[in-house]
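2 protein chains.
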Amino acid sequence: MKIENIELYYLSMPEILDEADGSQDALIVKVEGGGLQGWGECEASPLTSIANFICPKSHSAANPIKNSVLDKELNNINDLKKIIHEVKQKSLMIAQTPHTFSGIEVALLDLLAKKESTTIYSLIGHSSSQPKIAYASVLFGNNPQDTFKIASDLKKQNFKAVKFGWQNFGLNFSQDQEHLVAAREALGNEIKLMIDVGAIWGTDIEEASKRSKIFKDNNITWLEEPFYTDAYYEYSQLSSTSNLPLAGGESCHSIESAKNLINYGKVKFIQIDAGIAGGILAGNEICNFAEKNKVQYVNHTFTSHLQLSSSIQPYASSTFSIYAEYPMQLKSLAWDITENHITKDHNGMINLPLDVGHGMKINQKALEQYNVDVEIFVNKKQLF
Amino acid sequence: MKIENIELYYLSMPEILDEADGSQDALIVKVEGGGLQGWGECEASPLTSIANFICPKSHSAANPIKNSVLDKELNNINDLKKIIHEVKQKSLMIAQTPHTFSGIEVALLDLLAKKESTTIYSLIGHSSSQPKIAYASVLFGNNPQDTFKIASDLKKQNFKAVKFGWQNFGLNFSQDQEHLVAAREALGNEIKLMIDVGAIWGTDIEEASKRSKIFKDNNITWLEEPFYTDAYYEYSQLSSTSNLPLAGGESCHSIESAKNLINYGKVKFIQIDAGIAGGILAGNEICNFAEKNKVQYVNHTFTSHLQLSSSIQPYASSTFSIYAEYPMQLKSLAWDITENHITKDHNGMINLPLDVGHGMKINQKALEQYNVDVEIFVNKKQLF
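Chains as they are written, first to last, in our numbering: chain A, 1 to 384; chain B, 1 to 384.
Hints listed in this document are in silico derivations from the structure and should not be mistaken for laboratory results.
You may find that some hints are simply not true.
Note that identical chains are pooled: a pair holds if it fits in a single copy or bridges any two copies.
[To be verified] The calculated lysine-lysine pairs, modelled on DSSO-like cross-linking and capped at a C-alpha distance of 27 Å, are: (1) K2 x K210; (2) K292 x K266; (3) K210 x K381; (4) K2 x K266; (5) K210 x K81.
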């Protein structure tokens, strides 16, 4: 079939708050071909990626992504790989390209899987989909008491793992310690505790190392993003001096960058967002590389269940990579994007839908309700 | 002084050709404060970066760059470092950010140097500006005869070094060899010859290795960008097996990524574009790191002389890093952006202007002549 149409939908909450919550807006992709629709989501600044999609050409390595996808043939994975290659070659010099293309790749795989009446994970070679331990992904409370309460609630909901992230964690040692102790106390000893500091220390190994002991005392499963995503030297230093298991990778924009974080950054968990790293096939290749190096693959998801399903597809059948990020504080927008949702069972596990494609059904009403109208004119000609 | 105003100018040739020539359009930045103007250039897809500059906020780490710069105080380098830090923190999750901010950083340094009535290189700590060996940066001819002619012409112009790049080089072994032989024959033995393959081999070490002998037979000074910019493993493998001096870095979006290409990719020449890597201060830090590791710093420039001056500032006083890229086939747009130009002397050397800031005077007429009109509306409100 031919890729006949591509549409981008910019959705947003009425108000965007100054918090780390990535579910406040969304860029949704629809592709059409052969009478079918495929859907994906970019984890991207929507307006920036819309511009990237339709921008006038700058030179042979800075083309609008649209030109490398629309009207192309898509009958099998090989056709998709050709498109991926063309996008990489022709839009290499626009830094936003991976953010924009990732959601398109997911939509194309969804379309192709629907054409073949199969799931995406089967289409890319997974024999089955294994349940994963859902870790509740939440932000720290405003104070240790709030953190304690959030952790207690999640324990009651039967989660077997909880990850706290961001807010002001990492800036004040004693407050950090209080939050950690509160979280561990509320969870008890059995439930896994992960900590995400969102690159707060930049390249400052000392700030990170100072906290090694309090992380260990509270038995964390991993420390996520201590540094900027490409600060491999700093990652490897912290890993070897503290022996803390490190996690990272949500900002990886390519297969190579994820391999580098494993090879040189020495992370033990590589966290890949299908809406950032290049899509599901990129994730699949990263997963193969990671597991050969005894590194667990983990989805990164802080948006909709469309993105949740997409980001789990690359390691669907793995029994080595056992965790899955499960966002818990979604704004209504991100929840409403899909009609169906991935739900946790009584053992705290989640699994992919069995339906074709990524298995998520788009809620057309949400596309209207949260719609942001964008018009872009270049020399008076409307490009979007 | 306060940063009172920031303006972005999208300029373009009337027609953009499907060639690797990056001088076909431009994104120029003007900043104003204290009655002075500073100018810089982003090496970026203009529309994508304009969107990045004014996009609605997505969350606390995905803000429009404008908000982190406009109305801020700028009285010294430390103020600038605060702005750089804020941009990095608040726009970390928009991949386009370094492309967009780099030109702004240059404009801010230009403004600050003008306020201090000094050159940028003096302001950032260089005691002097040393002449560099200008290497003529050109594209291969359409056939070996054309390449021979281009090389002969450059020799007559007294260049002491020439770099050929791109077009279809890297796809056909025997044609590649013919181009190389033609270039070397025309240049003779004394003139340095560099080759730029523009990441043509992606991650394919074999395709690169096949050509090791013909590169050596023609005595090249470096092989530039054999692989994608973050394919460090592939870089290091080619470096160790072929012993070819490798060069790369034009796509480095951060200080860390340049350090990685040195540490892990084992390049011998790190090529940094002030309009991509974060600006001139980023370049300066990369230069210090590179030279400590016995790696030469080189500017990357394939656009205007505004960018040429900006990209040489970070290593102005170095006597270890001796080469400078000198673009030779600029479209009229890129030439016309500045009223003055950096010219080569009779020994094939170039040096920075002595005037305040980066020393380049913007041609107001060119801003009008090549102007591309952009209007962006979000929910009917005009953001640009």
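Status of each hint after checking the structure:
1. K2 x K210: neither (56 Å within a copy, 37 Å between copies)
2. K292 x K266: both (14 Å within a copy, 24 Å between copies)
3. K210 x K381: neither (56 Å within a copy, 48 Å between copies)
4. K2 x K266: Intra 42 Å, inter 43 Å, cutoff 27 Å: neither.
5. K210 x K81: This pair counts as between: shortest inter-copy Cα distance 25 Å, intra-copy 45 Å.
Hints 1, 3 and 4 from the list above are not met by this structure, while the remaining hints are.
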